[in-house]
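Enquirer: Note that our numbering numbers the sequence shown so that position 228 is 228, with each residue one more than the last.
If you're looking for bench data, these hints aren't it; they were derived computationally from the structure. Treat each hint with caution, since some may be false.
Claimed, not checked - Taking lysine-lysine and the BS3-like style, the derived pairs with C-alpha atoms no more than 30 Å apart in a straight line are:
(1) Lys130 x Lys115
(2) Lys206 x Lys223
(3) Lys87 x Lys115
(4) Lys206 x Lys142
(5) Lys115 x Lys57
(6) Lys57 x Lys142
(7) Lys206 x Lys87
(8) Lys57 x Lys87
(9) Lys57 x Lys130
(10) Lys206 x Lys273
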Amino acid sequence: MSFRTGLRVTNLLQSTSKRPARAVGVALTRKIQSSSSPRASVSPFTESTSPNLTATKYAETTESLHTYGSYLMQCLPKFVQQFSVLKDELTLHISPSGVIPVLTFLRDHSQCQFKSVVDITAVDFPEREKRFEVVYNMLSIKHAGRIRVKTYAGEADPVPSSVSVFSGADWYERETWDMFGVFFTGHPDLRRILTDYGFEGHPLRKDFPLSGYTEVRYDEERKRVVYEPLQLTQAFRNFESLSPWEQVGQGTEPIRPAELKPVPPPQPEQPQKK
Numbered sequence: 001m002s003f004r005t006g007l008r009v010t011n012l013l014q015s016t017s018k019r020p021a022r023a024v025g026v027a028l029t030r031k032i033q034s035s036s037s038p039r040a041s042v043s044p045f046t047e048s049t050s051p052n053l054t055a056t057k058y059a060e061t062t063e064s065l066h067t068y069g070s071y072l073m074q075c076l077p078k079f080v081q082q083f084s085v086l087k088d089e090l091t092l093h094i095s096p097s098g099v100i101p102v103l104t105f106l107r108d109h110s111q112c113q114f115k116s117v118v119d120i121t122a123v124d125f126p127e128r129e130k131r132f133e134v135v136y137n138m139l140s141i142k143h144a145g146r147i148r149v150k151t152y153a154g155e156a157d158p159v160p161s162s163v164s165v166f167s168g169a170d171w172y173e174r175e176t177w178d179m180f181g182v183f184f185t186g187h188p189d190l191r192r193i194l195t196d197y198g199f200e201g202h203p204l205r206k207d208f209p210l211s212g213y214t215e216v217r218y219d220e221e222r223k224r225v226v227y228e229p230l231q232l233t234q235a236f237r238n239f240e241s242l243s244p245w246e247q248v249g250q251g252t253e254p255i256r257p258a259e260l261k262p263v264p265p266p267q268p269e270q271p272q273k274k
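All chains, full assembly: derive it from the sequences and hints.
Expert: Written out as structure tokens, the structure is:
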């Protein structure tokens, strides 16, 4: 969120005694702030929520973003577990059940107007119980600001699809499913988008080997592309020196072909005497 928008929200809170503004999203705000709505569950995130005091360049912006983050937590107490500010970046940490309500609120509320979802991706932390962080990067053209929304999921935990809120999230969620294996419930066409048909595994997980499990090559005899189990064997090479990095010659003059020892030709097999 931009500094200009943060100051606008700060003035709004001072004039309304920290009550949400009457705007497009006021109906959704009242529904979420009902007395029967419980508070958000305990956050599994480990990011600090304190301002970045060492970054004096962003000190004024950081303060306004903290005010804006507090305002969003008051509007969405059921789903927003915490928020963090780093320099000029605001991040909301929400529970998986709050994906649809929070994104809808950020899209429709007059003080948000995040009409565009720029990217949806994930981060893998294998040591955590909820190993995946699902990240939504959103843009507000009206207020010239950005916001990041994070939720969490385990290997078998689904995340609600945001396609009903942002149609452009379709391929982003397919990519996240393909690369990380995060399952999105309610997605109209959740299938792989980058890897080939029949691919097994999810390449951007930390426990996926860098070399993969199969190799692809074009077979000249079959006249088609074939998949084979990965083989990392190295062909035998005959070096005339102690090591392949040893210098050949004195190094002061260019090496002539006559100075290199040719590989001896193979000897013909001798017929065995009976």
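Enquirer: Each hint needs a verdict: does it hold in this structure or not?
Expert: Consistency of the hints with the structure:
1. Taken as a hint, the Lys130 and Lys115 pair is honoured in the structure, with Cα atoms around 29 Å apart against an allowance of 30 Å.
2. In summary, the hint linking Lys206 to Lys223 is not supported, as the alpha carbons are separated by about 35 Å, beyond the 30 Å threshold.
3. Between Lys87 and Lys115, the direct Cα distance comes to roughly 23 Å. Compliance with the 30 Å bound is thereby established for this hinted pair.
4. Note on Lys206 and Lys142: the hinted pairing is violated, with a Cα-Cα distance of about 38 Å set against a maximum of 30 Å.
5. For the hint linking Lys115 to Lys57, the alpha-carbon distance of about 29 Å falls within 30 Å, and the restraint holds.
6. Restraint check for Lys57 and Lys142: the C-alpha separation of about 25 Å stays at or below 30 Å, so the hint holds.
7. Using a Cα cut-off of 30 Å, the hinted pair Lys206 and Lys87 holds, with the two alpha carbons roughly 28 Å apart.
8. Only pairs whose Cα atoms come within 30 Å are accepted, and Lys57 paired with Lys87 is accepted, the gap being roughly 8 Å.
9. With a CA separation close to 35 Å, the supplied pair Lys57 and Lys130 exceeds the 30 Å bound.
10. Annotation: proposed proximity of Lys206 to Lys273 is violated, straight-line Cα distance about 62 Å (limit 30 Å).
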